[in-house]
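Trainee: Letter by letter, the chains look like this.
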Amino acid sequence: MNAPAKLPMSLAANPVLDRWVSFETGSVVSLRTGKVEIGQGAVTAIAAIAAKELGVELDMVQMVPADTNRSPDEGYTAGSFSIEHGGSAMRWACAMVRALFEEEARKVLGDGELTVRSGTFTRAGHNEGVTYWDLAPKVNLAQSSADLPPPALIGGSIDHEGLQRLDLGAKLHGTAFIQDMSLPGMLYGRVMRPAHPAERLVSFDRAKVSALPGIVEVVVDGHFMGVVAQRDEQAQNAILVAARTATWRRERELPPHTNANGWMTDLVPKTTAVISDDVPDPAAVTRHQADFSRPFIVHASIGPSSAVAQWHDGEVTIWSHSQGIYPLQRTLAKALRLDAGKIRVIHAQGSGCYGHNAADDVALDAALLARQAKAPVMCMWSRADEMSWSPFGAAMRMHLAAGLDARGNIVQWEHEVWSPSHLMRPGAGDGVNLLAAWSLADPLPNSSPSDAPLPYGGGARNALSLYQLGKRRIVHHLLPQGPLRSSALRSLGAHGNVFAIESFMDELAALANADPVAFRLRHLADPRAIAVIKAAADRAGWKPDEPGGDGIGRGFAFSRYKNVGCYLAVVAFVEVTDKVNVRHVVVAVDAGEVIHRNGLLNQIEGGVVQAASWALKEDVRWTADGFGVRSWNDYPILNFSETPTIDTVVVEPEGAPALGAGEGATGPIAAAIANAISHALGVRVRDLPLTPERIATAINAS
Amino acid sequence: MTSTPVSSSDAVFALTVNGRAVEVRVPEDTSLLMALRHDLELKGTRIGCGEGNCGACTVWLDGLPVQSCSTPLWAAKDHRVQTIEGLADDRATQQVQSIFLDEQAAQCGYCINGIIMTVAAMLAHDPPAERGAIVAALDERHLCRCGSQIRILRAVDRAIAERRGQRA
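Top to bottom, those sequences are chains A and B.
Residue numbers for the first sequence, in my numbering: 1 to 702.
Residue numbers for the second sequence, in my numbering: 1 to 168.
Don't read these hints as lab results, they were simulated from the structure.
Just so we're clear, the structure is a prediction, and the values are computed from it rather than from any experiment.
Glycine residues also receive a C-beta, built at the ideal position from the N, C-alpha and C atoms.
Careful: at least some of the hints might be erroneous.
Straight-line Cα separation of at most 25 Å, SDA-like style, residue types lysine to any residue; simulated pairs [what the hints assert, rightly or not]:
| # | chain 1 | residue 1 | chain 2 | residue 2 |
| --- | --- | --- | --- | --- |
| 1 | A | K617 | B | G52 |
| 2 | A | K579 | B | A133 |
| 3 | B | K77 | A | Q236 |
If you anchor each label on the Cβ, the simulated ranges turn out as follows [said to hold, decoys possible]:
| # | chain 1 | residue 1 | chain 2 | residue 2 | range |
| --- | --- | --- | --- | --- | --- |
| 4 | A | K534 | B | D90 | 46 to 52 Å |
| 5 | B | E140 | A | R621 | 21 to 27 Å |
| 6 | B | H125 | A | G222 | 53 to 59 Å |
| 7 | A | T115 | B | P127 | 55 to 61 Å |
| 8 | A | D578 | B | A11 | 44 to 50 Å |
Computed far set for chain A versus chain B, every beta-carbon distance over 10 Å [said to hold, decoys possible]:
| # | residue |
| --- | --- |
| 9 | S27 |
| 10 | A136 |
| 11 | A246 |
| 12 | R252 |
| 13 | D313 |
| 14 | E414 |
| 15 | K534 |
| 16 | R539 |
| 17 | I646 |
Kindly generate the complete structure, drawing on both the sequences and the hints.
Mentor: This is the structure in structure tokens:
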């Protein structure tokens, strides 16, 4: 396999080979990827890619936790880029390392065809071998990949029978997560936060809190307050006592929580025309428009966001499950007013992560508490704070309008989307996007809301579809922060935009008297899009004229994630009783070359189930008194008996490079369920989640 | 063991954990979860919501699954506690764990140990629980946020089949 001439992005940014690969004593290859394990299996896939490229066994590979002292800076583990960027950079680095060692091996083994297996180079027809570890002292890996020729890549799939995740064995037995860490003399910290997003701490009974059992430190800096205790339950207890004695100042009132995000109309947006075709309006015989919405959605990881911080001589080491240890390091430097070189962030695995949750915030909390305690401190968030203070996936409103010509083809398309920022991670914008920083006596403000240009985008992600739309006008209205804090959640704006587009496509198909699948196909030219749509329809036994009714229906949806990631088409089969039951889902996905089939399937399945949960149940509410979601009781998610069965077809075109697939299902699933409800009941619900109340309202209105 | 200073509110609790008699000296209102994780270094029992809703902290008390975050340590006094680490001593229950691994029935894996404890307890019964009862128990007591439900149910089905095979 020939490599393209250009270095993969992550390798170009971190060109020195020993950042990526080094050979330790005793037949161990140490690999450092800047991508992190967040439950998606990326680290295993990258390890297997590297092992194949180097010609070593997987059990010879040691994946070193990402560490700002040693690992390549690959930014965030986000956007379904772990394999596409992290995997290809590691593959190149390993192929270059193999080539350098092969050259050295030739000096020992003589000229001729060399092969490397289990880390040993041999020459055809000869028994003599020489290993990476024999040769390591002679090979200089402290050289830049930019100065080396593009390597010959072995490439290809890493699939083999029984390839299992490297991390799961430990996780299904004992100590494995950041929450399980223990350092000598480690203390436990908790932070007190208000129950209203616009309240600030004024006072609390400090003497009473300090006197509680096990309390080592009470830390107050401006409106920030936390405790450090011998044991975690003592710290938790102290926060309860502090909260009972606390007074708060409310800096603003919240707008009422209204249907379809009505509060958005009171905010002044920053408006950008993403696309506006400068052509005359086409003649349309049928026009249609509709409004769609999605609410704020909470990450709600099962494990509490946690961090461990340890100070020594004015420098701090922080263990964090952040998605981006380097951006976190740089942002902590601003928040702690320290040189970034004095902050070391080491990745430690947390529970499932679906975007910008509280992992980064708790890292600053831990650093602030440990600085005063002069001891290592583990800080964890409470469930209540996890459900309310962690950044939410941003609420969205979409207005779609289209014109059809006499043949029922789309000749004009408008898509407007309103949303607060989906991109408020540490490192984004001009401010300090870490919660505690805003409350310090000398506060550091949050960044002003920002967005990214297409194809990636934030609120406008996937606002442009692959369909042939005629005259297009796509407008993004970036709103200032709404009632709740928002940032990146799995697929960002693609979830709301694809839900709207793919619902609307079904509405247009009905106006054109066309089958939804056929209607989509006739507006597409991309052969890969056509192939996945056909694959999903075939596998699902899609019949254009199949009547819905009696609460039974099926719905279709398609999207290409970010228009550059995986192609994904779904058919959802629903049965509406007193609620919507998603019984079965057929998925067809084209993620290019499949690197790890089971990993791909796991990501698709997880994406489908999580997206079904968002679509049917999830809605972050609030009241005049503050947060409305403080525990799992306030926020039901899809349970086991509600889980659909799933049938995934993988379409793998020859020679297509691997594409990210972890986020591709969110929008299509939401729309396919809405379309299936429409097929089953003849009514359309355009606001997420698709609750029984909304369906009843739609039925009563029809 | 940690070197927590003994305060006036500390108490000593004797219990049996994974077949071993242990004594822990902790604050009186300590939960079973905290004692397991903090004092006995048995960290395979996960800290989840701490409110009895997510099931990540599930262990066995006299063979029955309980949520250890909402079980005070005094309630476990003089009882048999079994954690995920203890499953290794029992072939039938260890099998449930290996089926989950074999099926790669996890994404982040944080909720899985609690789920294994519930499933293994229900299958260890004589007669073993039916699928419907197991799914109902998972609905009632466990959450998975990554969307691994499909694989978890596949592992449960296999565990049920293998348990039946052993009894036949």
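Trainee: Please confirm whether A136 of chain A is truly not at the interface, meaning its C-beta sits more than 10 Å away from all C-beta atoms of chain B.
Mentor: holds, 34 Å
Trainee: Can we trust that I646 of chain A is non-interface, i.e. its beta-carbon lies farther than 10 Å from all of chain B?
Mentor: Given a closest Cβ separation of 6 Å, the condition is violated.
Trainee: With 44 to 50 Å as the target window, see if D578 of chain A and A11 of chain B comply at their CB atoms.
Mentor: holds, 49 Å
Trainee: For the pair E140 of chain B and R621 of chain A, does the Cβ-Cβ distance stay inside 21 to 27 Å?
Mentor: About 24 Å separates the Cβ atoms of E140 of chain B and R621 of chain A, which means 21 to 27 Å holds.
Trainee: Since K534 of chain A was said not to touch the interface, does its Cβ keep a gap of more than 10 Å from each Cβ of chain B?
Mentor: holds, 24 Å
Trainee: Determine whether the non-interface label on D313 of chain A survives the test: each CB of chain B must be over 10 Å from its CB.
Mentor: Non-interface label on D313 of chain A holds, nearest chain B Cβ at 25 Å vs cutoff 10 Å.
Trainee: Beyond 10 Å from every Cβ of chain B: is that where the Cβ of S27 of chain A lies?
Mentor: holds, 25 Å
Trainee: Per the hint of 53 to 59 Å, is the separation of the Cβ atoms of H125 of chain B and G222 of chain A within bounds?
Mentor: For H125 of chain B and G222 of chain A the Cβ distance comes to about 56 Å; the hint holds.
Trainee: Within a Cα-Cα threshold of 25 Å, do K617 of chain A and G52 of chain B meet the stated pairing?
Mentor: Satisfied, since the Cα-Cα distance of roughly 21 Å is no more than 25 Å.
Trainee: CA of K77 of chain B to CA of Q236 of chain A, is that 25 Å or under?
Mentor: Roughly 23 Å separates the two Cα atoms, so the pair holds.
Trainee: E414 of chain A: least C-beta distance to chain B exceeds 10 Å?
Mentor: Its Cβ never comes within 10 Å of chain B, the nearest being 34 Å, so this holds.
Trainee: Report holds if the minimum CB distance from A246 of chain A to chain B is greater than 10 Å, and violated otherwise.
Mentor: Consistent with the label, A246 of chain A stays out of reach of chain B, its closest Cβ about 20 Å off (over 10 Å).
Comparing the model with each numbered hint stated earlier shows that hint 17 is the single one that does not hold.
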